[in-house]
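Residue strings, one per chain:
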Amino acid sequence: MTKNQGYGFREEMRKSLLLIPAVLVLLFFFIIPIVLTIYYSFTNLALSGSNAKNLQFIGLENYKRMLTDPSTVISIENTLIFLAGSLAGQTILGFLIAYLMKQKAKGFRSVAGPCFLAGWVMPEIVVALCFMAFFKENGTLNVLTGFFGAKQVSWLYEHPMLSVVIANVWHGTAFSMLNFQSALDNVSGDMEEAARVDGANRFQVLLRIIIPSIKDTIATNVMLNTLSTLGVYGLIYAMTGGGPANKTTTLPIYMYNQGLKGMQLGFGTAIGMMILFVGTICSLIYARLLRTKEEG
Amino acid sequence: MNNAKVNHLHYIVLSFMALTFLLPLIWIVIASLDPNASDALKMPAQWTLGNYISVLGNMENIKAYGVGFVISFAESLIVVILSCLAAYPLSRYRLSYKKTFMNVILFMTALPMIAVIVPVYKMYLSLGLLDSIWGVIFYLSAASLPYGLWLMKNFMDAVPAELEEAAWVDGATTFKSMTSIVLPLMFPGICTVFIYTFSKSWGNFFVPYILLSSAEKMPASVQLYQFFGQYGLIDYGPLAAYSILYTLPSILLYILSQNYMSKGFNLSGAAKG
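Protein chains in written order, with the numbering used here: chain A, 12 to 307; chain B, 946 to 1218.
Only chain A is shown next, with the shape it has when bound in the complex (with noise of 0.2 Å):
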């Protein structure tokens, strides 16, 4: 494999050339930004007025006013509620459409695949569109539920919550579907006639065999969607701006209010912190589960 066994670090550096480009990239851009938002954190910087000029050092002030703030409360509420809702959507929709399209009629797949899929093609700000529209007052569905009788529903303004997990589920499903489809193919066929042949119903071989036979993809699966739901913010910001008063304002998007709008850069990269400390979490765990998926 290898070129040449000399072990120098002089050797080593000049083999590492190549990669000083794509490093220094990272370093400016990733690794430096990442280390500012640390130490902004704990100062009073802000984007003008009299704190612009005078940057200094408060400690933990930024993360004492978090706690005590009413609003960051109702923020890490609400990010947790999106984070629940599109979890619990995307991996049972995605794990659902997964498990029943396999070993189906390859025309129907090919027509009913596409269907799922376009909501994770679309780029978000298109999905918030289709959204606004959808949930209108005289948007689709209402005029569905209007079939039925229903009165007319500002899904908007009544259900803000509830409507970005549904528009982050449209778009989000397809990719637990890949991962899914991707985990099913591999489970032994073996395994599963065994079961049936032994009397085992279609319930009992997917709780028993099938489930526990993925759980290496739930998990990451789990892991990804968390560290992408943390990060949405074009898709809410789009279709309610964090509002009706604060009832979508989720941490991306309190940490902007605050942070850029608000010209509070010091709080706001406290709030970013927060975001990137639970990232840096799950990014640790995903990180682990892939490692060991590889060399196991």
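These aren't lab readings, by the way, just hints derived from the structure by calculation.
Here are the computed lysine to any residue pairs in the SDA-like style, where the Cα-Cα straight-line distance is at most 25 Å: (1) B:Lys-950 with A:Gln-215; (2) A:Lys-258 with A:Glu-169; (3) B:Lys-987 with A:Gly-157; (4) A:Lys-113 with B:Ala-963; (5) A:Lys-226 with A:Val-289; (6) B:Lys-1044 with A:Ala-230; (7) A:Lys-226 with A:Leu-107.
Covered by chain A, according to a simulated footprint, are these stretches of chain B (three or more residues, beta-carbon under 8 Å): (8) 964-970; (9) 984-990; (10) 1030-1037; (11) 1087-1095.
Label-pair restraints from in silico Cβ distances: (12) B:Ser-983 with A:Tyr-50: 46 to 56 Å; (13) A:Ala-211 with B:Ile-1126: 51 to 61 Å; (14) B:Ser-1071 with A:Phe-158: 50 to 60 Å; (15) B:Ile-998 with A:Leu-217: 45 to 55 Å.
C-beta atoms are modelled at their ideal positions from N, C-alpha and C, and glycine is treated no differently.
Assemble chain B onto chain A, guided by the hints.
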């Protein structure tokens, strides 16, 4: 229930779900063909392609489309070149830090980069990179580089080193064996990285929205948002038509990528939604 019945039931449930998934798309397709479209779902009195023609006839839209293309193309090119270069030593040499390095890269692929946008804004303000298309390109490149690099290294690992050894014996340099042997063999992999990066970038709205401020520098994604986000009176027909025109490259790229992506590729990928 016997197997045939269960199978039928599956087909019914799946068809119902597939139709449900199409519901949010009905309005945008109909409105784009309706000369008097509103935000309500209704059958047009007449059908027209006029919305598409008026969107395509507007130079501002064409420009935004072009800016989006330049940003996504430049970003993908940077990611492909840097990750090809970096993947070579990581794939071919024995390096003491390799395992740690790849673990850090894997960790970086999944980090929600939105968390650092506030300090990036401040950093760009100091460096004069705010409202610069290059600033956007660099930030986006760095954000997608870890994933590109991760993929590229795996693709390069799949090219057997024996093929290169012959070239080394003949006195070929690293550069020569890379460009004439390794890269051509992993061309599908390079395309995958390019397409993946391009389509993520094409759909990205928040980074250019935050880092750019001049109207003429806005890519299609941001322009589309401003179309329906800021103004009270919206011309829904052209908006729907523009959205569909803006979505087309994403669909085309997805179809194209299916030719390159192999089975089982999905999971180790697509960290950022």
